[in-house]
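Letter by letter, the chains look like this.
Protein chains: 2
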Amino acid sequence: MTISMPQFDISTLPVMKIHDWFDGPYPARVRIALAEKGLLSRVEFISVNLWTGQHKTPDFLAINYSGTLPVLELHDGTLIAECTAITQYLDALDGNPTLTGQTPLEKGLIHMMTKRAEIEFLDAVSVYFHHATAGLGPQVELYQNPEWGFRMRDKAVRGMRYFDSLLEHRPFVAGDAFSMGDIAVLGGMIFAALVKLPVPDECTALQAWHARMQERPSLREWRAMVERGAPQTKENIHLPS
Amino acid sequence: MTISMPQFDISTLPVMKIHDWFDGPYPARVRIALAEKGLLSRVEFISVNLWTGQHKTPDFLAINYSGTLPVLELHDGTLIAECTAITQYLDALDGNPTLTGQTPLEKGLIHMMTKRAEIEFLDAVSVYFHHATAGLGPQVELYQNPEWGFRMRDKAVRGMRYFDSLLEHRPFVAGDAFSMGDIAVLGGMIFAALVKLPVPDECTALQAWHARMQERPSLREWRAMVERGAPQTKENIHLPS
Chain A
1 MTISMPQFDI STLPVMKIHD WFDGPYPARV RIALAEKGLL SRVEFISVNL
51 WTGQHKTPDF LAINYSGTLP VLELHDGTLI AECTAITQYL DALDGNPTLT
101 GQTPLEKGLI HMMTKRAEIE FLDAVSVYFH HATAGLGPQV ELYQNPEWGF
151 RMRDKAVRGM RYFDSLLEHR PFVAGDAFSM GDIAVLGGMI FAALVKLPVP
201 DECTALQAWH ARMQERPSLR EWRAMVERGA PQTKENIHLP S
Chain B
1001 MTISMPQFDI STLPVMKIHD WFDGPYPARV RIALAEKGLL SRVEFISVNL
1051 WTGQHKTPDF LAINYSGTLP VLELHDGTLI AECTAITQYL DALDGNPTLT
1101 GQTPLEKGLI HMMTKRAEIE FLDAVSVYFH HATAGLGPQV ELYQNPEWGF
1151 RMRDKAVRGM RYFDSLLEHR PFVAGDAFSM GDIAVLGGMI FAALVKLPVP
1201 DECTALQAWH ARMQERPSLR EWRAMVERGA PQTKENIHLP S
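From first to last, the protein sequence lines are chains A and B.
Read in my numbering, the first sequence has 118 at position 118, and its numbers run on one by one without any break.
Numbers in my numbering are just positions in the second sequence, counted from 1, shifted up by 1000.
Incorrect hints may have been included.
In silico lysine-lysine, DSBU-like type, Cα no more than 30 Å apart, as pairs [as the list claims (entries may be wrong)]: (1) B:Lys1037 x B:Lys1017; (2) B:Lys1017 x A:Lys56; (3) B:Lys1017 x B:Lys1155; (4) B:Lys1037 x A:Lys155; (5) A:Lys56 x A:Lys17; (6) A:Lys155 x A:Lys196; (7) B:Lys1056 x A:Lys155; (8) A:Lys155 x A:Lys17; (9) B:Lys1017 x B:Lys1056.
Covered by chain A, per the in silico footprint, the following chain B stretches (three or more residues, Cβ under 8 Å) [said to hold, decoys possible]: (10) 1099-1108; (11) 1115-1122; (12) 1141-1153.
Some chain B residues near chain A, calculated using beta-carbon distances under 7 Å [unchecked claim]: (13) Ser1041; (14) Tyr1065; (15) Gln1088; (16) Tyr1089; (17) Ala1092; (18) Leu1093; (19) Met1112; (20) Tyr1162.
Just so you know, these hints were derived from the structure itself, not from any lab.
All of these numbers come straight from a predicted model, not from anything done at the bench.
Virtual Cβ for every residue (Gly too), placed ideally from N, Cα, C.
Start from the sequences, fold in the hints, and give me the full structure.
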């Protein structure tokens, strides 16, 4: 297979919008992907305040039926929800997929590990947060199933042990190179830290990988965005401290 | 972007194994994808009996940590789990992705709709089955949360209405062409039929799409495989009738 491709000039890319929340764990996945691809400058962030339940309003549900963040909005109004889908789109733009794989095998393994990171770790932490803790507060969490939430907490901890065992034998989640799979596990680590779900002490490979990840420029850029704090919009006046 | 590609000869492809169960809704997704790609003849199916909980045994968990079907095993022993990941792999093999999109936009939209079909429909039916019905029976369903199961049943029905509303305005789930997104919604329809969860009468666009899908050769091939019945292996002697 031969592929010839002109140089990709990101300055020709129309500005995109990302509907998200500055320190959300799922938004982090796309912000890190944007940073990895050098695309942060081509994006305008639109704040959707999770703590006031803005993502569950009819206006936002018209943008994303599932009521989740983030959502990518293209210059023509096309909407792409779901972190994996957004990352797949962004990664394909320059014809040089660095996060989702170039060969069939890389694509398969990266998509598998990304999904596994969601099911076994990130999504499980999310269910724990929304169902077995105060979550986003009583105005937003209109239904909770604590038994299910605690079960998912335990699943997430097992997930940490699983990824630890993997990372004992490979440098990155899906093999020898950084990928969307690492970003998904990072999403899990970010959410676990927010809900104060500790990584077991004996998960030394997971912790060493996590420390290495923090040195990547994309993670530094993401942290700087978080440290800049909540966007000052009218919406956010009542943001809980 | 110019892509030149030699003709792909599937007869050169080493035989792959698929670990699955003949009439499972998730296995159906990959069997339909294989049929769409003309790859059924390159696959040997290994039966994993869901009804005896074979997918939850240590032997199978070593193949797929998540304990789910199907799993693709390549000739060198490489294992790829998760329907989306397997489909992505298979679709990339011939350099002519017909199920997962060719342009960045197609890729993004197809991955979004596939994930949405899982979250809002297929996975919700699955949780209903495993938590609020007898599921695979008391030997396999060691924990059930019926309240959560019924909630997911209601979510699945809302999901049917959502896909119905989409299909009023487009011929296929992710736009103008058949894709992995259609296969994911078909997975939901297959699971809903198994658990006798009816499609609301007023979902006429969803029903019309579903009827059109049955005419595709891939669906006929899948149905023929199901009608051949459960594989006759020692494992299956105690299969419930």
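Hint check:
1. This hinted pair checks out: lysine 1037 (chain B) and lysine 1017 (chain B) have alpha carbons roughly 16 Å apart, not beyond 30 Å.
2. Taken as a hint, the lysine 1017 (chain B) and lysine 56 (chain A) pair is broken in the structure, with Cα atoms around 43 Å apart against an allowance of 30 Å.
3. For the hint linking lysine 1017 (chain B) to lysine 1155 (chain B), the alpha-carbon distance of about 34 Å lies beyond 30 Å, and the restraint is violated.
4. Annotation: proposed proximity of lysine 1037 (chain B) to lysine 155 (chain A) is violated, straight-line Cα distance about 36 Å (limit 30 Å).
5. This hinted pair checks out: lysine 56 (chain A) and lysine 17 (chain A) have alpha carbons roughly 19 Å apart, not beyond 30 Å.
6. Of the supplied pair hints, the one linking lysine 155 (chain A) and lysine 196 (chain A) holds, its CA atoms being roughly 15 Å apart against a limit of 30 Å.
7. Between lysine 1056 (chain B) and lysine 155 (chain A) the alpha-carbon distance is near 15 Å, which keeps this suggested pair within the 30 Å criterion.
8. A C-alpha spacing of about 34 Å is found between lysine 155 (chain A) and lysine 17 (chain A), which places the hinted pair above 30 Å, so the restraint is violated.
9. Pair hint lysine 1017 (chain B) plus lysine 1056 (chain B) holds up; C-alpha atoms about 19 Å apart against a cutoff of 30 Å.
10. Closer than 8 Å: that is the beta-carbon criterion, and the segment 1099-1108 of chain B has 5 residues meeting it against chain A, so the requirement of 3 holds.
11. Remark: the segment 1115-1122 of chain B is confirmed as covered by chain A, as 4 of its residues place a Cβ nearer than 8 Å to a Cβ of that chain, reaching the required three.
12. Taking a C-beta to C-beta cut-off of 8 Å, the segment 1141-1153 of chain B contributes 5 residues in contact with chain A, enough for the three needed, and the coverage statement holds.
13. Interface restraint check for serine 1041 (chain B): the shortest CB-CB distance to chain A comes to about 18 Å, outside 7 Å, so the restraint is violated.
14. Using the Cβ-Cβ criterion of 7 Å, the hint placing tyrosine 1065 (chain B) at the interface with chain A is satisfied: the shortest such distance is roughly 6 Å.
15. At a threshold of 7 Å, the smallest CB-CB gap from glutamine 1088 (chain B) to chain A is about 5 Å, leaving the interface hint in force.
16. At about 3 Å, the closest approach between the beta carbon of tyrosine 1089 (chain B) and any beta carbon in chain A falls short of 7 Å, and the interface hint on this residue holds.
17. The restraint placing alanine 1092 (chain B) at the interface with chain A holds, with a minimum CB-CB distance near 4 Å, inside the 7 Å limit.
18. Hint status for leucine 1093 (chain B) relative to chain A: holds, with the closest Cβ pair at about 5 Å, below 7 Å.
19. The interface hint given for methionine 1112 (chain B) holds, since its Cβ lies 4 Å from the closest Cβ of chain A, which is under the 7 Å cut-off.
20. The restraint placing tyrosine 1162 (chain B) at the interface with chain A holds, with a minimum CB-CB distance near 6 Å, inside the 7 Å limit.
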